[in-house]
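Chain residues, written in single-letter form:
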Amino acid sequence: MGAIINNIGISAVAVIIAPLLGGLLSGLDRKITARMQNRMGPPVFQPFYDFFKLLGKEGITVNQTQMAYVIGHFLFMAASLIMLVLRQDMLMLIFIMAFSSVSLIMGAMSVRSPYSKIGAQREIIQIMAYEPVMLLMVVGVYLTTKSFMIESIIKHDTPLLYNLPMVFLSLLFVMTIKMRKSPFDFSASHHAHQELIKGLTTEFSGPQLAIIELTHWYELVLLFGLISLFFAKPFWVGILIAAASFFMEIVIDNISARMTWKWMLKAVWLLGIGAAMTNIIWLYLR
Amino acid sequence: MGKYILLCIAILLPLLSGLLCYYIKKPAGRKIITGITAITMFCVAGEFTALLLKSGGKLVISMEGMPFDIGWLIKLFDIALMAYIAYIGVTLKKPLIVLLTLLQFIPFTIFEIIMVPVEPENAFVIDYLSLIMILLISVIGPIITIFATGYMKEHEHHLGLKASRQPRFFLILYVFLGAMNAMVMTDNLSWMYLFWEVTTLCSFLLISHDGNAQAVKNAVRALWINLLGGIAFLSAIIVIYQNIGTLSISEISSAPHAAGMSGLLPLGLALLCFAGFTKSAMFPFQSWLLGAMVAPTPVSALLHSSTMVKAGVYLIIRMAPAYNGTMLGNVVAVAGGFTFAVASAIAISQRNGKRVLAYSTISNLGLIICCTGLGTNAALGAAMLLMIFHAVSKALLFLCIGTIEQGIGSRDIEDMQGLMKKMPFTTVITVIGMVSMMLPPFGVLMTKWLAIEAAVGQPMVLVTIILGSAFTVAFWAKWIGIILTMSYKPKLYKEDLSFSVRSSLIVLVSGVLAASMGIMPIYNRFVKPQLALFNVDSSTALTGNQGGLWVHNSDNLIVGGFDSIVLFLVIFAIMTIIPYLLHRTRPEDVKPPYLCGENTEDRRGIEFTSPGDKIDNVVVHNYYMSGVFGEEKMTLWANFAAVAIILIMFGVII
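Line order of the protein sequences matches chains A and B.
This note's numbering puts the first residue of the first sequence at 1, with every later residue one more than the last.
This note's numbering puts the first residue of the second sequence at 287, with every later residue one more than the last.
Everything hinted at is true.
Derived pair list, reagent style BS3-like, types lysine-lysine, alpha-carbon separation capped at 30 Å: (1) A/LYS57 with B/LYS707; (2) B/LYS317 with B/LYS289; (3) B/LYS877 with B/LYS708; (4) B/LYS361 with B/LYS379; (5) B/LYS814 with A/LYS146; (6) B/LYS919 with A/LYS266; (7) A/LYS198 with B/LYS900; (8) A/LYS262 with A/LYS198; (9) B/LYS503 with B/LYS379; (10) B/LYS877 with A/LYS53; (11) B/LYS344 with B/LYS814; (12) B/LYS439 with B/LYS707; (13) B/LYS877 with A/LYS198; (14) B/LYS289 with B/LYS814; (15) A/LYS198 with A/LYS53; (16) A/LYS198 with B/LYS707; (17) A/LYS57 with B/LYS877; (18) A/LYS31 with A/LYS198; (19) A/LYS262 with B/LYS919; (20) A/LYS155 with A/LYS233.
Sample of chain A residues lacking proximity to chain B, with all beta carbon distances greater than 12 Å (derived): (21) VAL13; (22) ILE17; (23) ARG35; (24) MET36; (25) PHE51; (26) GLY56; (27) ALA192; (28) HIS193; (29) ILE212; (30) VAL237; (31) ALA243; (32) PHE247; (33) ILE255; (34) MET259.
None of these hints come from the bench; they were simulated from the model.
These figures come from a predicted structure and were not determined experimentally.
Each residue gets a CB set at the ideal place from its N, CA and C atoms; glycine is no exception.
Pulled out of the complex, with its shape left as it was, chain B reads as follows:
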């Protein structure tokens, strides 16, 4: 298949499916459309992989010889988008939104319409980093849409809507995916800006989807924070174009290699990093992502895994070769490390499952950005790997928590005690998802370990990563402990889940396991060639062999490494022991827990005889340590510190 057709399908097919979902209002039709779209998108992603591997690392698609000028079409879309956002601002009576749009519109008109910059020769350039993103978007995205068909039915049933709003919901979902695909493929910074803003708008529409006051309020917050990033992005475009006279992303990212950092180029790069920070919800911009949880769960899954927040990370990684090894890179690393430590500390104090997941996303994004800022070969490798593993695991976890929420009617962690009895299928999958975020042979921990090995040269960054990883263990362990709590029960319930929910959970959990076990091929096939393209400092290099990853120093001696595949044997041993024990335990071997000898007849050990011979229930809660890690307490000073770091980021380059 030609690369042009493939490109068109990747960007336009989601759009088409969205429109179909919008006009065919039947649920059955929607199911068929999501199914077909998913399969087509998987194929497109596979074709891209095949094409890229064949072409040797770079697919270049130029738009020369098109019957009309796409550049102007994009500008038209840009203006329509700004007009629509301004319209939203007016209808919601939010002057801030209108002002921020205006601040984009004026420079945009002057720069793009009156001055008319020279468009880069190649409209689309796809390398391995783009390919990784395409794979994440086109595999995880459609799975989430399939999950959504089952979930949204239930969701609207709970809300008691008269007319279904699902057609609109799926339209936006698909536009989002199309825009993401376009964003990671384009080589034109001003086109990227359009797709960037489309994702901003889509996330606003999705967060406000339920239409209640809380949803609208949080959506507006997401909108203005991301518009701030949009302004930074636009300013970066103008500054960079004035300085080096091109809008080609690949030329910009390699510009300092050719000419050295000079003039206003560092400012442009810092502005791009700032834009990335807003989109990736780094401190102090984290509040929009936390607020985004009011949206239906598929939205959270999409925002947190393969789209939106990964767009910011993608931009920062994309520009990494440009600021690699500079002071700007160091400050970016500090900012990322800071977010990693603080977000995971706050996660300890959270009882709301979705908030824990949100903070965990923020902290992982921080770690990715931190590694990118460190900028050595090994660190960039860790950043890209973490991007992959985090996307898969987080998508799974959000779908799980959505399922749990519909099952037990709560997202409070404490209400999940004994989940194993009520929802065994979901619980097992959730636990695998959680464990994949912290356990040694799984990908996320492998990258954490790589991050520490890569950060040894920078004590400031190092201490944040180390504290962050200790906090990470704490909040996951508390949560896993709760959901695995169970008293003896000879038989487990059978869950009633729709096919779409069940199948998407199964596909994603297999993805999590496969990705972690395949860390070596993933690294060798996709990440390593990209590192070669980046052409950064390679005093420490990563290699993947023997089923694990190894770090080499400049003398090519192994200085660290781990055969992760071996440890999977231990994991699988434990995974098989559990069901065996479930079957083998005889009822007469089971005794209730110790309650100071005040147990009642209750065999589960929940009831006890309290003073005055009353029968009471045992209630045990997790420690949340809000006195130490409380959200209000930490957010305030963390935001101040984060603002300071961003000011320092701009300070060091001027």
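If we strip away everything but chain A, and leave its shape as in the complex, we get:
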């Protein structure tokens, strides 16, 4: 019984802290990006101001069901974050995280809007690109620690990176897709010069958009949480590496332009899956 209460406590803390952290990361992203483009940029807390402003807006919708998908998007993402902090099965976590994206896709497809439908189609392609690599990452972790539980990664003696360098590289590769950064931001880009109408999220507004933004913060924390697992000992090295990867994603985002989805599929399947498989095969043979 005590364990259950403890778990509920940990989950509650994670659910409260994660968006604060994620929002801050998002603010830093905007600030750093602006500096790279020779602009002043908004204050670091701007995402929070935006969030509350969106929440206060009138609840306009295109059809009755949109909000349900947005809530689904949020709940599944929160569920996978809880699985991370409770150190559960990593493979299932990836599945649930994927379903969070699927839920948003359903929302975008539920309206008869050309922009959001095309965004949704592209998001499906993005899932097809990054999902195999994420799953291969989990397999690599299993071959190293002989367990799918995140618990055992944290207990593992050597950092995962020591055994999984190529898997880690391909994970960074698909992070760009997952965060919808250039050159892989087909479904919705945050660069005004690339997309004025925001693809996937075109038809969401007000509170709906606020929840999508909130979910994105959870996602950021979750993704960098996964990255920091590669260096679980000592803990602060993991955090530092996650921060470095975050900075690198921003740099890549700002120095590249959007590519086509065919190019992405080819690149990810050849390089991403190829690199991860190479790594896994040598682990398997060892």
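Fit chain B to the supplied structure of chain A, relying on the hints for placement.
Below, chain B alone, put in the same frame as chain A:
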């Protein structure tokens, strides 16, 4: 109730009901018969469960002391069946069919009539695997027949037939169910061969039921591919009997444990796997199952869920202990994984709803066979669980698509836009069915997850499963997105569905939900004891507790697992939010979608002002990516690769 009576009812009752349907031509009579048969079959399945649980895992029914020799009766049926198939070949002027029948008839006569093998002592042995199959056949089958009473009326109305052909249709449907029940219960390989061939014949008759050129052509294709499997089956019987001198399935499957794989036994097992591949429509034999869609929808539902394709899978799982851990097992796993990945990739490029379902069936069968080939305790558990979940969900989905097709007159996915408005009841059920094929806490995904956890030792197989599961998400997501598309409408239509259609959909959808939530008891009650009987490598073991499944390693440490029941809370939260929102949204909050500011007065947002001030409709299609995943493109090389894998399968054992 005695097990003999129960056995007789399970096999002969469907036959009797079929004959009754055939002779009582009144629709009302048919309805009563299907209803009574359904209830009786449910009871029989329940009784079997009770008996088996009481007897501790094995019901043995021997045919000693019968007034006449059933063995010869079965042989007589065998010959009559071959004669009938040859007759079909002659009337349709298909020399291939006649040739393939002859290729079965000659070895059959030499082996069964002239040499006369020793029949195994126990004619019927029922264990948990048989029980799972009996439950699937005797629960899903009758529900489909009930659905068929409503569906076929409408179907014949569309065709404009003068004389109803339904009596014949129901006769074959019921014979099919009886043969399936017999097939999963018998312990005699040569009896199983008869029932195997009966299902082949029944599927031919059902696929060609509508009688048009396309139907006959596809039915003939199904027939010859399955006859090929029949030849492999018969050869396997002969090879195995020559090698170990028994036809008892339970002895064969445990033979290598006793004596080790030696002589021609592996060849016999490979031939049985080959037979299973043809029946389960694995690449390169997938074309017959795709062609089978020309048949009325209840037929597709039956072929794809509890019967026919599951017969092949059943045979392969049944023999799993024999080739477990051998090179043969590894190649079977590769073949299954390959089919899983390729079939789900091709499904992405399909617009025809029934074809998507067909490819999804093929890919899931591939995954089941893949897990069976992997052969560890956890993998076999995943295979059996997937068999259950897939059967329930696929039966539901086929009935849904049949209903949709009759409702909107098309099976093209693009025509299903806005289905939520036209057919809200069917749409909701369809979506639950689809979601159960991909969403985390539902059974199918749980088994996919188990399959990956079980396949970590085999990188080749692993990569196919991983690619396959990514493709699976893609094609389901596209389809669900389309049918849930809707513009604002204050009121939904009420659908006009017959009672039989409505009730069978409701029963099946409850079955889907119940099966997924009950994954833990299903595993503990039925699958786990069967795994104990299989007695395979148990370095990884599955346990079901706390409402989920957990994977253990040899030190009994948890290495993976998931409390699936917890996540159902999230699902139900979303399921209750949707109807609430439907009621709560006020018309003044609803705005049309963004069309670059060129919206017209149309509040739905379908019309826009195009150049030249013309009013045009917005048309948005899904991506089908036929340049990457096109059917023609992929089928050719996939078939080559699949043939190669099968050759390798025979190569490694010789």
